[in-house]
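Chain residues, written in single-letter form:
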Amino acid sequence: ETGVTQTPRHLVMGMTNKKSLKCEQHLGHNAMYWYKQSAKKPLELMFVYSLEERVENNSVPSRFSPECPNSSHLFLHLHTLQPEDSALYLCASSQYTWRDEQFFGPGTRLTVL
Amino acid sequence: KQEVTQIPAALSVPEGENLVLNCSFTDSAIYNLQWFRQDPGKGLTSLLLIQSSQREQTSGRLNASLDKSSGRSTLYIAASQPGDSATYLCAVSGAGSYQLTFGKGTKLSVIP
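Which chain is which? The protein sequence lines are A and B, in order.
FYI, the numbering for the first sequence is 10 to 122, going by the working numbering.
FYI, the numbering for the second sequence is 898 to 1009, going by the working numbering.
If you're looking for bench data, these hints aren't it; they were derived computationally from the structure.
In this text the structure is predicted, and so the values were computed from the model without any measurement.
Wrong hints could be hidden among the right ones.
[As the list claims (entries may be wrong)] Lysine-lysine pairs mimicking DSSO-like chemistry, simulated, CA-CA at most 30 Å apart:
{"#": "1", "chain 1": "A", "residue 1": "K45", "chain 2": "B", "residue 2": "K965"}
{"#": "2", "chain 1": "A", "residue 1": "K50", "chain 2": "B", "residue 2": "K1004"}
{"#": "3", "chain 1": "A", "residue 1": "K31", "chain 2": "B", "residue 2": "K965"}
{"#": "4", "chain 1": "A", "residue 1": "K28", "chain 2": "B", "residue 2": "K898"}
{"#": "5", "chain 1": "A", "residue 1": "K28", "chain 2": "A", "residue 2": "K50"}
{"#": "6", "chain 1": "B", "residue 1": "K898", "chain 2": "A", "residue 2": "K49"}
{"#": "7", "chain 1": "B", "residue 1": "K965", "chain 2": "A", "residue 2": "K27"}
{"#": "8", "chain 1": "B", "residue 1": "K1004", "chain 2": "A", "residue 2": "K49"}
{"#": "9", "chain 1": "B", "residue 1": "K1001", "chain 2": "A", "residue 2": "K31"}
{"#": "10", "chain 1": "B", "residue 1": "K1001", "chain 2": "A", "residue 2": "K28"}
{"#": "11", "chain 1": "A", "residue 1": "K28", "chain 2": "B", "residue 2": "K939"}
{"#": "12", "chain 1": "A", "residue 1": "K49", "chain 2": "B", "residue 2": "K965"}
{"#": "13", "chain 1": "A", "residue 1": "K49", "chain 2": "A", "residue 2": "K28"}
{"#": "14", "chain 1": "A", "residue 1": "K28", "chain 2": "A", "residue 2": "K45"}
{"#": "15", "chain 1": "A", "residue 1": "K28", "chain 2": "B", "residue 2": "K965"}
{"#": "16", "chain 1": "A", "residue 1": "K31", "chain 2": "B", "residue 2": "K1004"}
{"#": "17", "chain 1": "A", "residue 1": "K45", "chain 2": "A", "residue 2": "K27"}
{"#": "18", "chain 1": "B", "residue 1": "K898", "chain 2": "A", "residue 2": "K27"}
{"#": "19", "chain 1": "B", "residue 1": "K898", "chain 2": "B", "residue 2": "K1004"}
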């Protein structure tokens, strides 16, 4: 595997389910990101893990919970989501910080029923 | 708060034509600017990154320019091909911010 991979590629879940999205980067990078892409809106940064520091967008609801066990893996844990959370969730990585070129995974298309 | 605008929202051109995509940003205190390509339902592919101290970057048929003082960048695509059809996104990294700020993109269709 090369680059940034994400699993699953598609996910359908009910509002009471708990699921997790996984991201793995094979680029030797030290920073990883979660983005949300909704229809007709710009990409929205959700979380950043950069050099072991976590930064989050304060507008992200607590039903989204990130986990970064090491510099190569990033998870997004989902629970009690709402239909408006349906979107494409993109993971990205960069060498050290948000100032470096970012490389994106293919995304997980999430549908909340 | 940084805002990024991309005009036009959609563009359709015949194959072989040269074209320019525009990006503007409100806060000129940027660290760098990045152009991405996104195919339908897919992730983003990085095309070019321009540091704030640079004026342009080139990769193959693509040339991106940056005028930081006026808050503008352009992406020039030479001799367009149907395979260039995609949405092109512009994003800026703010000097005082921890994130990239994205525009909504320009959807390009190159007609054979």
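To see whether the hints hold, each was checked on the structure:
1. K45(A) x K965(B): holds (27 Å)
2. K50(A) x K1004(B): holds (13 Å)
3. K31(A) x K965(B): violated (37 Å)
4. K28(A) x K898(B): violated (33 Å)
5. K28(A) x K50(A): At roughly 24 Å apart (the allowed maximum being 30 Å), K50(A) and K28(A) satisfy the hint.
6. K898(B) x K49(A): Holds, at about 20 Å.
7. K965(B) x K27(A): Outside the cut-off at roughly 45 Å; violated.
8. K1004(B) x K49(A): holds (12 Å)
9. K1001(B) x K31(A): Within the cut-off at roughly 26 Å; holds.
10. K1001(B) x K28(A): holds (29 Å)
11. K28(A) x K939(B): holds (21 Å)
12. K49(A) x K965(B): With Cα atoms ~27 Å apart, K49(A) and K965(B) stay inside 30 Å; holds.
13. K49(A) x K28(A): holds (26 Å)
14. K28(A) x K45(A): holds (16 Å)
15. K28(A) x K965(B): Distance ~43 Å between K28(A) and K965(B) Cα, so the pair is violated.
16. K31(A) x K1004(B): Roughly 29 Å separates the two Cα atoms, so the pair holds.
17. K45(A) x K27(A): holds (18 Å)
18. K898(B) x K27(A): Distance of about 34 Å is beyond 30 Å: violated.
19. K898(B) x K1004(B): holds (25 Å)
Violated hints, in rising order: 3, 4, 7, 15 and 18; the structure is consistent with all others.
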